[in-house]
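*Asks:* Residues per chain, in single letters:
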Amino acid sequence: MTESTPVIEMRHIVKKFGDFAANDDINLQVQQGEIHALLGENGAGKSTLMNILTGLLQPTSGEIIINGQPVTVDSPSKSDALGIGMVHQHFMLIDAFTVTENIILGSEVTKGLSLDTKSAAKKIKALSEKYGLQVDPYAKIADISVGQQQRVEILKTLYRGADILIFDEPTAVLTPQEIDELITILHNLAKEGKSIVLITHKLDEIRAAADTVTVIRAGQSIKTFPVAGVSSQELADLMVGREVSFKTEKAAAKTGATVLKMADLEVHDARGVTVVKDFSLEVKSGEIVGIAGIDGNGQTELIQAITGLTKVQAGHVLLQGKEVTNKRPRQITEAGVGHIPEDRLRFGMEVDMTLSENLALQTYYKAPLSKNGVLQTDEMDKLANKLVEEFDVRAAGIQVTAGSMSGGNQQKAVIARELNRDNELIIAAQPTRGLDVGAIEYIHQRLIAQRNAGKAVLVVSFELDEILNLSDRIAVINAGKIVGIVDAKDTNKQELGLLMTGMSLSDARAALKEEVDA
Amino acid sequence: MAAQKNSFSVALFSVLFGLIIGAVIMLIFGYNPISGYTALLGSAFGSTQDIGSVLTQMTPLILTALGFTVAQTAGFFNIGLSGQALAGWVGAVWYALSFPNMPVYLMLPSALIIGAGLGALAGAIPGWLRAQFGASEVIVTIMMNYILLFLGNNILQNTMSKGIKVSAETTKQVGANASLQMKWLTDLTQGSSISAGIFISVFMIFVVWFVMKKTTLGFEIRAVGLNSDAAKYAGMSAKRNAVIAMAISGGLAGLAGTIEGLGNYLNFFTQNGSPSIGFDGMAVALLGGGSYLGVLAAAAIFSVLKIGGLGMPMSSGVPFELVDIVTASIIFFVGASYLIKLIQKRVKAMDDKAARASQDKKAVKAAADSNKNSKGGE
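Protein sequences appear in the order of chains D and S.
If you count by our numbering, then the first sequence holds residues 1 to 518, one letter each, in order.
If you count by our numbering, then the second sequence holds residues 519 to 896, one letter each, in order.
In short, the hints are calculated from the structure, not lab data.
Just so it is clear, CB atoms sit at the ideal spot from N, CA and C, and this is done for glycine as well.
Misleading hints may appear alongside valid ones.
[What the hints assert, rightly or not] Cross-link-like lysine to any residue pairs, in silico, SDA-like; alpha carbons within 25 angstroms at most: (1) D:K140 to D:L174; (2) S:K750 to D:G403; (3) S:K750 to D:S404.
[What the hints assert, rightly or not] Away from chain S, derived, C-beta distances all over 10 angstroms, residues of chain D: (4) A96; (5) V109; (6) I183; (7) A228; (8) G241; (9) P341; (10) I485; (11) A511; (12) L512.
All chains, full assembly: derive it from the sequences and hints.
*Replies:* Okay, structure coming up:
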């Protein structure tokens, strides 16, 4: 390993979008053969920095030095030529093509008029053996697993002669086992002299994979240091810029009257299959009830049925004693329900409309946001500015489209809109999916504050940590039915895990007791 | 803002390329493009009558283009503008002829409302079918164009009383109480068929802009068109907005037809095919790039070509068909706006490249060298 010249050096990189500086004086040095993690919250400027390195964006100022030579990376093909390759979070592969065809796409070798796939396949085979990237060069993309598809993306960059590989949130789509395999691959690549930049906000993976980490916060590089011996807590604190607690403290619940009552609910999915059956649950004011369960056990349809987005086939939904079964979404919203939907891009926002318009999405038709059917844009902007301030939504102004914002800030905007309306019931489905620890902590605090203010909160999550951290009571759902309702302080992950598979509470407790005894 | 500017330059390039293609084709067929285009401009702007004709041509195109844009905003492709215009035309003329003695201040507003209303109804039907049953509005509106075309002809030939017709194929002219033509305008333009319709059209640009951008109704239509799931989540009714958006779209087309009837032709006569204002309106909307002011400019360009083209055969011998080729080329380049954006990008890249080329060559070479070295070391 040569320590003298870094492979990549980015000096004082500034990138401004209007008045907003996405990168504000970032310095980055990557040595040859190292795995260098780029750690930062959503919207901290990691992706912008890498887009500059790969030629998709041009820096406002600053220098890029590759192998000791100052360069201008003004197009992706230029970055290819410099030996920089990017493995995207969302794969750019054609399903109907084979592995080989996908890899050579754009740099096809021809023999006369026909494609020379054979020699390409041979080269790919050699590459995959060298780096431990097992894939069949002749398999179709549609037929291989997500983990293998990612290997194809890695091979694509290697095939083009990349010596610097950038991985953008590579584990977001992988199973735990595939994550372990990826980390082995990363180590292999580094051992063979490749330099790797790993963009992530997952602390455990950094500790498992990276040699060095550079922390980026609010567009600035905060610190670069070796990973060995650093705890997750230290990384999290540096990333967020203050002490982060993984566990949100909360006082004992002071419950009041029942706000939401679901009785014997039956709900069908889009194909008419019964996915929720005989579902009864109450949520009282001042408590958080968590619904735990494996994805696809009826949670999505249950929430849609309560909020009027899908039909209740049988049973009743009562809100503060009043029947709201099969009422229209607006009637339910106006009865005092705030809904943070599971899929914020599909249901939670209009990605092509502005942040200001999105923050008015539930109240645009009421005074003061409109008068006699005419929108009062000044009032809308006033509300937007207030919410952006209060909920720390970071964006380049309130007139940007919601789709251009980072995931964490989109979610904060949805939460701002839903919590601002002073509702009696808050329904939060997957409120922190895909967010970093800082945003998760913030959202958890907000939900607990609602509970402490005497609101009823219903949380659906596939993350047991989240359920345990937030809930006062936990209802476990399996195949659309409640398997058990437990107090959060009397249960643990193991017990919930067993319940989620459909085991009854008494069986689960017996099984766990046996284990302890044994 | 940037997108707006970009679509403007795309439109400009489309027109330019269309004219160039037209010139090339004129050359191929042995005509002189300069005298051809001189004749075109001369016929469009040569006299106040010509300008009057251009404005007359623009009037319905602005309205049908607005109609198309509204439907598109809600996520619909309204191909039925022709039929909806026809519904307004037949209805308004029939109504005007049925009440020849109604005072003008009652007749004109009510005739305009009836014409627009019939168009709105013709638009709302496919909107409702789509909302209720998921029937493709593209197919329904195409079929309704035929239904309305032959229904209109049938009403003219078999239902209207003999008293309001001059022949089986043509109605009488509407009376002064129902005419949108204004004496001072007619005189100013040496007897062109321009009418107050042009003021209505331009005013409607403002009205539609206001409704779509500044009212809760427009907010809902945009939200439903962009993401109907999020709109439903926010308590909007996708069905209701589908019907309303298609009704507004059809209403604007109906108004276009009404103005053709009461302002331009002053009668109704047997139609051999769906009126071209519907399809031309779609082209104008596309050329306008979805912007409301763009619609005005696009309608003007389109009308100059149409009216100017009429004069080309007489003064330069270029056949009228060539004008259609130019118009079609322009629309083609609007459709191929991707191509134009690509060319713009290439030109810009070439400028930048020249400046940086020397410095970068060195860097790439250095990178390659160092890669070689590091591989050798292992």
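*Asks:* Work down the list of hints and note, for each, if the structure agrees.
*Replies:* Each hint, compared with the structure:
{"no.": "1", "hint": "D:K140 to D:L174", "verdict": "19 angstroms, holds"}
{"no.": "2", "hint": "S:K750 to D:G403", "verdict": "18 angstroms, holds"}
{"no.": "3", "hint": "S:K750 to D:S404", "verdict": "22 angstroms, holds"}
{"no.": "4", "hint": "A96", "verdict": "23 angstroms, holds"}
{"no.": "5", "hint": "V109", "verdict": "20 angstroms, holds"}
{"no.": "6", "hint": "I183", "verdict": "22 angstroms, holds"}
{"no.": "7", "hint": "A228", "verdict": "24 angstroms, holds"}
{"no.": "8", "hint": "G241", "verdict": "33 angstroms, holds"}
{"no.": "9", "hint": "P341", "verdict": "6 angstroms, violated"}
{"no.": "10", "hint": "I485", "verdict": "28 angstroms, holds"}
{"no.": "11", "hint": "A511", "verdict": "41 angstroms, holds"}
{"no.": "12", "hint": "L512", "verdict": "40 angstroms, holds"}
Violated hint: 9 only; the structure is consistent with all others.
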